[in-house]
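Heads up: the protein sequence lines correspond to chains A and B, in order.
All residue numbers for the first sequence refer to this note's numbering, where the first residue is 1 and numbers rise by one.
All residue numbers for the second sequence refer to this note's numbering, where the first residue is 1001 and numbers rise by one.
Worth flagging that the hints you see were computed from the coordinates, not collected in a lab.
No experiment lies behind these values; they were computed from the predicted model shown.
Check the hints yourself; a few may be wrong.
[Said to hold, decoys possible] The calculated DSBU-like cross-link candidates involving lysine-lysine, where the alpha carbons are at most 35 Å apart (straight line), are:
1. A:K55 with A:K73
2. A:K73 with A:K114
3. A:K114 with B:K1014
4. B:K1009 with A:K96
5. A:K114 with A:K70
6. A:K78 with A:K55
7. A:K78 with A:K114
8. A:K70 with A:K55
9. B:K1009 with A:K78
So you can see what is in the structure, the chains are spelled out below.
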Amino acid sequence: AQTVTQSQPEMSVQEAETVTLSCTYDTSESNYYLFWYKQPPSRQMILVIRQEAYKQQNATENRFSVNFQKAAKSFSLKISDSQLGDTAMYFCAFMKQGGARDMRFGAGTRLTVKP
Amino acid sequence: NAGVTQTPKFQVLKTGQSMTLQCAQDMNHEYMSWYRQDPGMGLRLIHYSVGAGITDQGEVPNGYNVSRSTTEDFPLRLLSAAPSQTSVYFCASSSSSGRLNTQYFGPGTRLTVL
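So that you can see chain A by itself, here it is in the shape it has in the complex (with noise of 0.2 Å):
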């Protein structure tokens, strides 16, 4: 079984300023997907960057990026002149390919983002 592991349940930054949150996950697939999600108050599930493992370059998405280590099994989210708006519950998500789209999901990282 896959799993999912986040090891800050916590973390803040500055506006302004660059954070950097941390994901490791364990399987023994070759090919899936790695996503991270993004939970404000609203509670409302927002992607906001995913990743195919087959693709050695990271992803980004604006100020949003990662750093795929495959062999390390680690999927980090780094996040760029970080803005208020980006307060939020962060989830680290694994997905195998030719699945069900059943999703294992990180226990999450809160972000809080100081003025």
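Using the hints, position chain B against chain A.
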């Protein structure tokens, strides 16, 4: 295009009562799933469906039933609610098309069982 909708947003039940959480999507997605979110544990998969008439169990299925009679709807039934089922419930859907593996989530239902 409303995406994934869930009703109700909030619900309080007494132990032993039954209820159905509704989920609908208008994106013609084949895959639909139910998750529960508990403090400190992230989201855990309850049941999922790969198409109308096809359902299967996820990580934490006990105490829940599902059915999928149409592509659009995927209700979750609690037959006899227990306090351990107090949680936030999310429905999600995604397409079976190749690389479109992103799951789209509904707004969630906060359920309290007394």
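Evaluation of the provided hints:
no.	hint	result
1	A:K55 with A:K73	holds (14 Å)
2	A:K73 with A:K114	holds (31 Å)
3	A:K114 with B:K1014	violated (41 Å)
4	B:K1009 with A:K96	holds (30 Å)
5	A:K114 with A:K70	holds (32 Å)
6	A:K78 with A:K55	holds (18 Å)
7	A:K78 with A:K114	holds (17 Å)
8	A:K70 with A:K55	holds (10 Å)
9	B:K1009 with A:K78	holds (32 Å)
Hint 3 alone, counting from the list given before, is not met by this structure.
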